[in-house]
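Residue numbers (my numbering), protein chains in the order written: chain X, 538 to 1030; chain Y, 538 to 1030.
These aren't lab readings, by the way, just hints derived from the structure by calculation. Worth double-checking, as some hints may not be accurate.
As the list makes no split between identical chains, a pair holds if one copy fits it or if it spans any two.
Cut-off 30 Å, straight-line C-alpha distance, at most; resulting in silico cross-link-like pairs (DSS-like, lysine-lysine) [unchecked claim]:
#1 Lys1030 - Lys659
#2 Lys1009 - Lys808
#3 Lys600 - Lys793
#4 Lys807 - Lys659
#5 Lys1030 - Lys656
#6 Lys659 - Lys729
#7 Lys979 - Lys697
#8 Lys1009 - Lys693
#9 Lys1030 - Lys807
Number of protein chains: 2
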Amino acid sequence: MFESAEIDHAVDKETYEREVPRLRQELLEAQYDLLESRRAALVIVVAGVDGAGKGDTVNLLQKWLDPRQVRVHGLGAPSEEERERPPLYRFWRRLPPRGKVGVFMGSWYSQPILDRVFKRTKNTHLDTSMEHARHFERMLTYEGVVLLKLWFHLSKAEQKARLERLASDPRTRWRVTRRDWDHFERYERFRKVSARALRESSTDYAPWMVVAGGDARFRQLTVGRAVHAALTRASRADTHQPPPPMPPTPPAVDGKTVLDTLDLTRSLPKKRYRDELERLQGELNALVRHRRFQGRSMVVVFEGADAAGKGGAIRRVTAALDARAYYVVPIAAPTDEENARPYLWRFWRHLPKRGRVAIFDRSWYGRVLVERVERFAEPADWMRAYAEINDFERQLVDHGTVVAKLWLHIDPEEQLRRFQEREQTGFKRFKITDEDWRNREKAGDYRLAVSDMIDRTSTELAPWTLVEANDKRYARVAVLRAITSALGEALEK
Amino acid sequence: MFESAEIDHAVDKETYEREVPRLRQELLEAQYDLLESRRAALVIVVAGVDGAGKGDTVNLLQKWLDPRQVRVHGLGAPSEEERERPPLYRFWRRLPPRGKVGVFMGSWYSQPILDRVFKRTKNTHLDTSMEHARHFERMLTYEGVVLLKLWFHLSKAEQKARLERLASDPRTRWRVTRRDWDHFERYERFRKVSARALRESSTDYAPWMVVAGGDARFRQLTVGRAVHAALTRASRADTHQPPPPMPPTPPAVDGKTVLDTLDLTRSLPKKRYRDELERLQGELNALVRHRRFQGRSMVVVFEGADAAGKGGAIRRVTAALDARAYYVVPIAAPTDEENARPYLWRFWRHLPKRGRVAIFDRSWYGRVLVERVERFAEPADWMRAYAEINDFERQLVDHGTVVAKLWLHIDPEEQLRRFQEREQTGFKRFKITDEDWRNREKAGDYRLAVSDMIDRTSTELAPWTLVEANDKRYARVAVLRAITSALGEALEK
């Protein structure tokens, strides 16, 4: 959930000062359009990590929007009045009418997340609360309320740096309380619990938008644009029609994605490669033959751009395995049989029985990658696919199947080099088609799709491993290491 | 859930024999339309009480439809192959392709319901399973599968009569096993668990249809028509469009509703009325002043046709209460303020604080009554309202609010008599309008709406009480009895 927000996003001063006046103008216009149309109300939920700019955002909204049409609700503990009614009462009573904007600092998410962080409740309670939140928001969406749910995030390092900076300056020391450090000590737990909560309550009608809070200019532009999009959406809402799914997450205002954090210069000399490969293959072989694996199974997903080296990496994995212990499922265009059924059908039919490893060379992620970018799937279809995929993988993990997901990443230059090499090498020629060349032109769209995929489907149950693959040797060892460690950890439990 | 299925439905032989040939013709035509259009697959889930005609229905479908395009899956325990994969694997592998029909006896509902009946799991597990079922079906619905979920029901008395009949005949005695009697002993529990499961998994895209199983002709015609509607729906399904909500439940083939079970001749002589009224008012007064009620609250909902006597009954209730302990919320047309917000807003704002009773003279049920019948709300809106209302009332009950819901029922003759009386009595004249007369013409639509409302919102947390109200004295006492007993039971817990 937070992968994209934990890379160093930033906007320079010049860009910021150029953008802001226009943005403010657009915000005001959109706000008046909404007020005039009175088609929907806009509810902005402001939540997230302390110190990630929640307060600053609320101040900003009051400055950038016409404050007469905006009500800010900073909700602490419920009042006597409110405690005497069901928990949602306090939100119902503050619901803005159509045409207006309500900003909620503190929402129906606050209590369930904190309760779980402090272990006052269990995961099933959290999930039930998130289900209730989905129901509540689904109803609101149908009834003329547009929701913008903003989660402000700081990485652990950023959070620590911030607290230390404040504490070291006598003028700001008072801002850092014992409670802040207490919360910081629970950072990992808070991150884990909120990732689960956000994933469970991200729907196609009201998805969470995670905002990197570290850089103020980046954050402010991101929020401003998101609010503008939400105001526009609200002023065009159609009552008596089911609300259309939310538009896809916009690209980050600085254009960066989680793929930019990869160090593609990583490589491995031949000698170390051979040693490592051999060691890991031996380890994998032993794990798959392990007594405990005979009651389990494994699914390995390979995804990556064309020529990223999936085939070569898969061969290094299968070389470690007994032929009866695995099979490779190459995913190409669906057959007629498959096309006549829901899209997950063609993956369900290949699920491994116990003691087996199924290696998917491309997978169900095609829905949110190629089908999204090439527009084979409607936005509504690939947007609901994230939840469906998480649900599918949860079923696998609940059943005892170990799921490893690998994204092999190369840069456009390396891809070009490999394409040219393939064209020149006779026996590799079949591997390159006109389509591959066309796909290269959509590199930007693919980056965005990959970034969304990682943010929305890297779960604690089935996380993604991003593999730097410009150097094939480095990539193959990294792939084997990811698979053996996933399998090793699962068998220890 | 089962209210409408527990009344004595029956179809006479003559009607049956007249209807069947035409129905069979229509079924075949609809099946070929589907096969030709290949727009969706039809999945029929056959579930419910033993002996309620599940097997007979499956045989019938094979006889009435072209059996080459229908696959019946009688699912018992999962095979070795299936146990090695996640639970839904066995359904995925049997999913029919577009154009065809799959009938599932034994489905993703069987195990969760039985596990709960035999107390191997808790309610939270059941709810989670139902959530997974909703996700699965939502995805299927979006991906070109139309679901028809049939639940075959027998009342406890019918079930007992059936077992005794079989056991008393030497030729059929072998059909009744120890297991059947075991199941019968768990009838109440099975009924309760399955009502919860069905309610939680009835959605606007895949609602359950409860079929009264006692009379074979009634059952067969009901199923035949439902399958015909589902085939038609499937052959017109639009891929790449979100599926439209299911059409409303059709009227029972014999035209009967749960309202037909009410004995409207019930009455109370004046003397007994006075005694009873006084006793119950005293009881209610004591309950509301009870120490334990000071931490609770109560919501009483009055619904009923025009002139059913709601006002008079409410006055008999309020006469028992201290003025500070209650207030009456008359629900008329929404104000501008209310119209600008989601429809439940105007009820949330009137929720009672602790120690108080809020009496709603008409309520949120307007959505599924007048708004449905008068077409003020779109079908999609009032259909999702059942789940939203159940969710709303669950929040009340979870919070400790006692919810009593009363439907005051009179027959059309009594209504006419009261209308005429009102027109003749000066001070009652304001109570009768042209609209009241118009509403009378829609009596049939209202009956259907009331019947659906009771089936879909009479929950174990907040059940409906149906009050025979042709005799005002009888009705008022029944109302007070329902309220005091709901409150008394709640305070004892």
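Checked hints:
no., hint, verdict
1, Lys1030 - Lys659, "both (20 Å within a copy, 25 Å between copies)"
2, Lys1009 - Lys808, "within (14 Å within a copy, 96 Å between copies)"
3, Lys600 - Lys793, "within (28 Å within a copy, 62 Å between copies)"
4, Lys807 - Lys659, "neither (49 Å within a copy, 57 Å between copies)"
5, Lys1030 - Lys656, "both (22 Å within a copy, 28 Å between copies)"
6, Lys659 - Lys729, "both (13 Å within a copy, 26 Å between copies)"
7, Lys979 - Lys697, "neither (39 Å within a copy, 68 Å between copies)"
8, Lys1009 - Lys693, "neither (32 Å within a copy, 69 Å between copies)"
9, Lys1030 - Lys807, "neither (35 Å within a copy, 74 Å between copies)"
Hints 4, 7, 8 and 9 from the list above are not met by this structure, while the remaining hints are.
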